[in-house]
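Protein chains: 4
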Amino acid sequence: MRVPARLVAHGLGVGLVSLVTVQEINGFLEREFPGNGNRCDEVGERWAVALRTDAVNLRPGGIISGPTVFGVCDAALYYACFTAIGIEPMTLTSELSIRFMRPARGTELRARADLHQVGRRSIIGSIVAWTDDIARPVAVAQGTYVRPT
Amino acid sequence: MRVPARLVAHGLGVGLVSLVTVQEINGFLEREFPGNGNRCDEVGERWAVALRTDAVNLRPGGIISGPTVFGVCDAALYYACFTAIGIEPMTLTSELSIRFMRPARGTELRARADLHQVGRRSIIGSIVAWTDDIARPVAVAQGTYVRPT
Amino acid sequence: MRVPARLVAHGLGVGLVSLVTVQEINGFLEREFPGNGNRCDEVGERWAVALRTDAVNLRPGGIISGPTVFGVCDAALYYACFTAIGIEPMTLTSELSIRFMRPARGTELRARADLHQVGRRSIIGSIVAWTDDIARPVAVAQGTYVRPT
Amino acid sequence: MRVPARLVAHGLGVGLVSLVTVQEINGFLEREFPGNGNRCDEVGERWAVALRTDAVNLRPGGIISGPTVFGVCDAALYYACFTAIGIEPMTLTSELSIRFMRPARGTELRARADLHQVGRRSIIGSIVAWTDDIARPVAVAQGTYVRPT
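For the record, the sequence lines run as chains E, V, A and X.
Residues in the first sequence are numbered consecutively from 3, following our numbering.
Residues in the second sequence are numbered consecutively from 3, following our numbering.
Residues in the third sequence are numbered consecutively from 3, following our numbering.
Residues in the fourth sequence are numbered consecutively from 3, following our numbering.
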């Protein structure tokens with residue numbers, strides 16, 4: 003029923019193949035999660051970048067809160083799942099572990115998720131989050147989404 | 003410099019000893035994290051309960067979002083650290099792993115953190131989160147805070 | 003097909019109900035995992051204790067190695083699953099996160115796992131490991147087993 | 003006191019700089035951990051590959067056990083720390099989370115760890131483990147080592 007990811011290209015560039023486009027993911031988010039602050043910024047074959055531009059939940063000193071960083075990591079992994087299996091709203095976070103590496107200062111927060119495995123029941127990926135300087139990530143994470151049965 | 007937790011009681015009941023009261027934690031949160039939706043609900047010896055009552059970030063179907071559940075777990079562990087070492091704002095989440103068990107439906111979200119170890123450099127605890135029915139937790143987590151040096 | 007755990011008692015004491023006995027688990031381990039160093043020490047309703055008595059893999063200073071501690075935690079969670087669903091060899095570790103709290107000195111290593119959720123697809127539990135002094139645990143862990151489909 | 007990693011090369015090839023060689027790590031392991039089954043296979047700038055060739059702890063069906071896979075991941079991260087800070091035996095695992103993706107069949111087990119951050123107090127890295135086919139990893143992990151103070 004689902005088309006294998008490798009058979010469907012969206013003109014995303016050489017070697018980048020995703021079952022969905024950035025526009026399709028963001029359209030889905032606007033319809034289904036209107037209050038959600040995360041958006042999709044980029045997609046490729048089994049990876050995606052999530053972006054958060056509002057400055058809610060700032061800690062003292064202009065630092066973006068840990069749960070906000072967790073949220074953008076979780077969103078990136080959600081979108082990365084979509085690149086492999088299509089938009090499946092009921093693909094749910096099973097578990098996620100996150101390590102915070104430095105204070106998240108800056109005006110934009112991004113996270114990139116790369117999938118390690120797309121199984122019949124679950125999907126596993128790793129995530130890196132950063133603010134203004136991609137060379138100085140603020141957190142890394144790794145986690146599992148479960149697919150609807 | 004810091005008073006050992008066991009030497010200071012706050013009248014919390016038999017066997018419940020904390021270096022801080024609920025009121026002291028909430029006063030600190032209001033001053034330092036005014037935009038933060040979590041509050042302290044209960045404290046004891048090396049444990050604390052965090053509470054979130056607003057319904058922000060709801061997913062379709064009235065479900066509280068994963069990052070919001072992560073946030074209340076993280077807050078509970080933060081407050082539990084305070085029960086053991088006093089209010090130390092720069093005690094920071096080092097890592098946290100969370101497992102989501104069922105959809106978080108309900109109007110109130112709580113998490114209880116219990117400390118396993120209060121070390122010189124780090125503090126380790128386990129967390130359970132629930133909404134209206136404590137017997138049906140929505141998530142469990144475990145993590146590490148690092149103390150300022 | 004499987005008998006609900008609450009309907010089957012094995013005479014383990016007041017309030018302690020498990021689908022399997024310690025003897026049944028150890029018989030299974032001897033048949034199926036003859037080279038495995040872990041044994042079951044105790045079981046109850048949705049919990050189990052694993053025990054390791056050999057001193058293999060010692061680090062310098064007589065410290066039991068991290069992977070050995072991980073192994074006894076993983077074993078305890080495996081046995082705890084059996085208390086809830088019966089002996090299902092193909093119940094497999096999906097993910098496990100572990101925090102090491104102090105050097106594992108001693109001649110006996112034990113871990114106790116308590117289940118938080120027994121789902122149709124997965125089982126989630128928390129684990130504490132200790133050597134000679136149960137009041138000074140050497141590690142805590144939390145993880146997920148997946149059930150065969 | 004410690005020489006920054008970038009200033010010391012060991013002739014490991016273009017762009018590959020490590021504070022230690024494979025031979026130095028394996029010499030250290032033979033002296034300090036004679037009973038340990040893991041060896042260093044490769045090192046580079048902030049990464050290392052660990053190798054296990056014995057077939058101990060096999061599960062039924064010739065599958066390498068989960069704790070053995072955890073052990074090679076943990077070893078790879080230990081060696082990767084050495085590439086950045088030199089051989090520091092008391093660099094210890096603080097926490098590690100692992101996700102098992104497929105049965106570990108094969109005669110050789112390898113894990114590669116890449117460091118995300120080398121901090122004053124802790125070191126964070128991600129790990130991939132595989133047996134005969136590097137394109138089909140058996141597990142991924144992520145964790146934290148703490149440095150001696």
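Simulated from the structure, these hints should not be mistaken for laboratory data.
Beta carbons are placed, not taken as given, at the ideal position from N, Cα and C, and that holds for glycine.
Warning: the hint list may mix true and false statements.
Claimed, not checked - Just the calculated beta-carbon pair ranges, DEER-fashion:
| no. | chain 1 | residue 1 | chain 2 | residue 2 | range |
| --- | --- | --- | --- | --- | --- |
| 1 | A | Asp-56 | X | Arg-33 | 22 to 28 Å |
| 2 | V | Gln-25 | E | Pro-91 | 37 to 43 Å |
| 3 | A | Pro-36 | V | Thr-23 | 54 to 60 Å |
| 4 | A | Thr-151 | V | Glu-32 | 24 to 30 Å |
| 5 | X | Pro-150 | A | Arg-33 | 41 to 47 Å |
| 6 | E | Gly-63 | V | Thr-23 | 24 to 30 Å |
| 7 | X | Pro-36 | V | Met-92 | 41 to 47 Å |
| 8 | X | Pro-150 | E | Arg-33 | 51 to 57 Å |
As the list claims (entries may be wrong) - Sample of chain A residues lacking proximity to chain V, with all beta carbon distances greater than 10 Å (derived):
| no. | residue |
| --- | --- |
| 9 | Glu-44 |
| 10 | Ile-65 |
| 11 | Pro-91 |
| 12 | Val-130 |
| 13 | Ile-136 |
| 14 | Pro-139 |
| 15 | Val-142 |
| 16 | Ala-143 |
(request) Starting from the hint 41 to 47 Å, judge whether the C-beta atoms of Pro-150 (chain X) and Arg-33 (chain A) obey it. (result) At roughly 44 Å between Cβ atoms, Arg-33 (chain A) and Pro-150 (chain X) fall inside 41 to 47 Å, so the hint holds.
(request) Could you check that no beta carbon of chain V comes within 10 Å of the beta carbon of Val-130 (chain A)? (result) Violated, since 7 Å does not exceed 10 Å.
(request) For Thr-151 (chain A) and Glu-32 (chain V), compare the CB-CB distance with the range 24 to 30 Å and indicate the outcome. (result) violated (50 Å)
(request) Mind checking the hinted window 54 to 60 Å against the Cβ distance between Pro-36 (chain A) and Thr-23 (chain V)? (result) This hint holds: roughly 56 Å between Cβ atoms.
(request) Examine each Cβ of chain V, and state whether all of them lie more than 10 Å from the Cβ of Glu-44 (chain A). (result) Since the minimum Cβ distance to chain V is about 20 Å, Glu-44 (chain A) lies beyond 10 Å and the statement holds.
(request) Examine each Cβ of chain V, and state whether all of them lie more than 10 Å from the Cβ of Val-142 (chain A). (result) violated (5 Å)
(request) Go ahead and decide if the range 51 to 57 Å is satisfied by the Cβ distance of Pro-150 (chain X) to Arg-33 (chain E). (result) Distance hint for Pro-150 (chain X), Arg-33 (chain E) holds at roughly 53 Å.
(message) Just want to verify: Pro-139 (chain A) was marked as not at the interface with chain V; is every Cβ pair farther apart than 10 Å?
(response) Incorrect as stated: the minimum Cβ-Cβ distance to chain V is 6 Å, not above 10 Å.
(request) Say whether it holds or is violated: Ile-136 (chain A) keeps its Cβ farther than 10 Å from all Cβ of chain V. (result) Its Cβ never comes within 10 Å of chain V, the nearest being 12 Å, so this holds.
(request) Could you check that no beta carbon of chain V comes within 10 Å of the beta carbon of Ile-65 (chain A)? (result) Ile-65 (chain A) clear of chain V: closest Cβ-Cβ about 17 Å, beyond 10 Å.
(message) Beyond 10 Å on every Cβ pair: is that true for Ala-143 (chain A) relative to chain V?
(response) Nearest chain V Cβ is 8 Å from Ala-143 (chain A), so the label is violated.
(request) Classify the label on Pro-91 (chain A) as holds or violated, using whether its beta-carbon is more than 10 Å from each beta-carbon of chain V. (result) The claim holds: Pro-91 (chain A) sits with its nearest Cβ about 23 Å from chain V, beyond 10 Å.
Hints 4, 12, 14, 15, 16 from the earlier list are contradicted by this structure; the remaining hints agree with it.
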